[in-house]
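There are 4 protein chains.
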Amino acid sequence: MRDDAVDVDVRVRYVDTDQMGVVHHGNYITWFEVGRTEFCRSRRFTYRDLESMGYRLMITGLRCLYRKAVRYDEVVTVRTRVKDLRRRMVTFGYEILCKETGTLIAHGETRHICLDMSNKPRTIPESFRNCLDRGIDGTA
Amino acid sequence: MRDDAVDVDVRVRYVDTDQMGVVHHGNYITWFEVGRTEFCRSRRFTYRDLESMGYRLMITGLRCLYRKAVRYDEVVTVRTRVKDLRRRMVTFGYEILCKETGTLIAHGETRHICLDMSNKPRTIPESFRNCLDRGIDGTA
Amino acid sequence: MRDDAVDVDVRVRYVDTDQMGVVHHGNYITWFEVGRTEFCRSRRFTYRDLESMGYRLMITGLRCLYRKAVRYDEVVTVRTRVKDLRRRMVTFGYEILCKETGTLIAHGETRHICLDMSNKPRTIPESFRNCLDRGIDGTA
Amino acid sequence: MRDDAVDVDVRVRYVDTDQMGVVHHGNYITWFEVGRTEFCRSRRFTYRDLESMGYRLMITGLRCLYRKAVRYDEVVTVRTRVKDLRRRMVTFGYEILCKETGTLIAHGETRHICLDMSNKPRTIPESFRNCLDRGIDGTA
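Residue numbers (our numbering), protein chains in the order written: chain A, 1 to 140; chain B, 141 to 280; chain C, 281 to 420; chain D, 421 to 560.
One or more of the hints may lead you astray.
Sample of chain B residues facing chain A (criterion: CB under 8 Å; computed from the structure) [stated by the list, open to error]:
1. Val155
2. Thr157
3. Gly161
4. Ala209
5. Phe268
Taking lysine to aspartate or glutamate pairs in the DMTMM-like style, the calculated list, with each CA pair at most 25 Å apart, reads [what the hints assert, rightly or not]:
6. Lys363/C with Glu331/C
7. Lys99/A with Asp429/D
8. Lys540/D with Glu214/B
9. Lys68/A with Asp353/C
10. Lys379/C with Asp189/B
11. Lys540/D with Asp493/D
12. Lys208/B with Asp429/D
Stretch by stretch, here's where chain D covers chain A in the computed footprint (C-beta under 8 Å, at least three residues) [what the hints assert, rightly or not]:
13. 13-22
14. 46-54
15. 100-112
Simulated from the structure, these hints should not be mistaken for lab results.
Virtual Cβ for every residue (Gly too), placed ideally from N, Cα, C.
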């Protein structure tokens with residue numbers, strides 16, 4: 001694991017599969033979200049904290065490139081890092097890897113804007129920025 | 141359609157299937173919810189109205205019996221009725237039917253308690269009760 | 281509706297919402313899939329046909345840009361067209377619109393490669409290509 | 421943990437919540453499935469094995485009673501046991517507990533019939549029966 005990325009393992013559930021016999025592509029988006037959550041938690045900041053401070057991250061863009069299929073009961077590693085950080089926006093990058101072999105299954109990114117509870121764009125609060133910043137250079 | 145029930149058609153989505161090649165059993169629960177929503181709408185009451193009045197229905201019980209499998213792109217009819225109505229509780233009954241053949245695919249019920257926004261059990265408000273009542277005897 | 285696009289309406293389900301009070305961004309991916317299915321059906325070709333002929337479309341890329349939030353019980357129109365068609369690949373484009381106001385809620389695209397049942401890339405079969413082609417120039 | 425039950429922890433994902441601010445009731449059904457999978461794995465039998473032997477378990481009934489709400493980012497423990505075992509049928513029982521406090525959040529059961537790949541009811545194969553049996557009395 002590169003020191004600016006955070007890994008979390010997810011086991012494929014039966015409900016994640018479709019009749020092609022592999023994981024339905026929509027589930028990768030859920031895994032990205034799991035990755036984001038764990039990225040923040042590993043930096044001692046939970047997304048729940050952000051919401052309780054009166055902020056939220058609204059997604060503005062999503063991209064995913066699919067390389068390999070994954071099957072029921074396999075374990076994937078979701079590797080998350082901060083790719084770009086602006087005053088009001090943050091872009092997370094993700095890799096989905098086969099835990100056993102390390103093969104790249106998919107990769108992608110999501111972009112988010114920081115809003116307050118009345119949906120106005122706001123500067124990312126400092127405590128959350130600190131959490132994200134450490135993601136970029138691997139230091140506090 | 142019996143006059144105390146409300147029918148709504150749902151087409152099976154690819155994402156609803158699993159690697160068995162049929163609809164995953166969890167989706168029937170979503171269809172029940174679609175049925176409840178349409179039951180209320182057909183009586184000119186939307187669940188959104190209930191929430192905007194400061195109430196909500198919290199599910200307390202769920203039962204589903206599965207008879208036949210359903211496949212991608214098939215259309216099912218969700219038939220919903222009120223099975224029991226108490227001061228603070230309502231039980232909806234559901235049948236999932238193959239639209240083309242009328243075959244029973246599954247049936248079940250959900251029980252709900254009426255809460256206010258501070259999670260206290262409350263008498264079902266009259267406007268919503270009227271909507272549900274018509275469901276039982278088929279008259280206004 | 282432009283003549284090379286196909287529209288289908290989808291009502292937001294309660295399960296589609298998240299605690300932000302709006303539709304969770306992952307559901308847009310499901311709506312894209314509903315749009316693809318209806319695009320083909322409107323050209324008298326169902327994706328089920330393709331699978332029964334021994335082919336399938338594997339997704340290779342996905343992009344979605346989010347503009348506006350959508351709420352429970354609202355109806356969105358999914359507008360689907362073919363953006364690019366190669367020998368073995370097809371790219372669909374999508375717009376998610378508020379049915380009532382026509383406001384653009386989101387737009388995106390998915391790219392797919394045609395595989396046979398042993399996962400080998402294959403030329404898109406002619407009957408399916410005809411269905412897709414009409415999508416591009418609006419004529420049969 | 422009672423010795424005939426198997427526990428597995430699941431962290432609530434953001435996508436699991438709905439606009440009530442709590443986990444949508446349909447997700448409990450997914451958690452039951454996660455519990456079943458881990459029950460078998462802990463007895464060194466994976467559901468994947470069963471499918472590769474030419475069998476599958478088709479759900480015939482589902483029941484869930486909801487006691488408490490769960491929120492985003494909380495961890496629940498899914499406790500699974502075998503409640504009833506017949507020649508061709510098995511009933512699993514589940515408790516969903518708050519990991520931190522041990523509070524019961526929900527409980528329920530699912531009943532399944534063993535089918536072969538042509539959908540004929542079949543005697544549960546011995547290797548799978550052994551896995552399930554140990555579930556009932558806690559011994560091999």
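Cross-check of the supplied hints:
1. Val155: Status holds, d = 5 Å.
2. Thr157: holds, 4 Å
3. Gly161: Where the cut-off is 8 Å and the nearest Cβ of chain A is about 5 Å from Gly161/B, the hint holds.
4. Ala209: violated, 11 Å
5. Phe268: violated, 28 Å
6. Lys363/C with Glu331/C: Holds. Lys363/C to Glu331/C sits at ~22 Å (cutoff 25 Å).
7. Lys99/A with Asp429/D: holds, 19 Å
8. Lys540/D with Glu214/B: OK: Lys540/D and Glu214/B at ~22 Å, within 25 Å.
9. Lys68/A with Asp353/C: Violated, at roughly 36 Å.
10. Lys379/C with Asp189/B: holds, 20 Å
11. Lys540/D with Asp493/D: Given that 25 Å is the threshold and the Cα spacing comes to 42 Å, the pair is violated.
12. Lys208/B with Asp429/D: Not satisfied, since the Cα-Cα distance of roughly 32 Å exceeds 25 Å.
13. 13-22: Satisfied; 3 residues make the cut.
14. 46-54: holds (count 3)
15. 100-112: Since three or more residues must qualify, the claim that chain D covers the stretch 100-112 of chain A is violated, with 0 doing so at under 8 Å.
In terms of the numbered hints stated before, the structure departs from hints 4, 5, 9, 11, 12 and 15, listed from lowest to highest.
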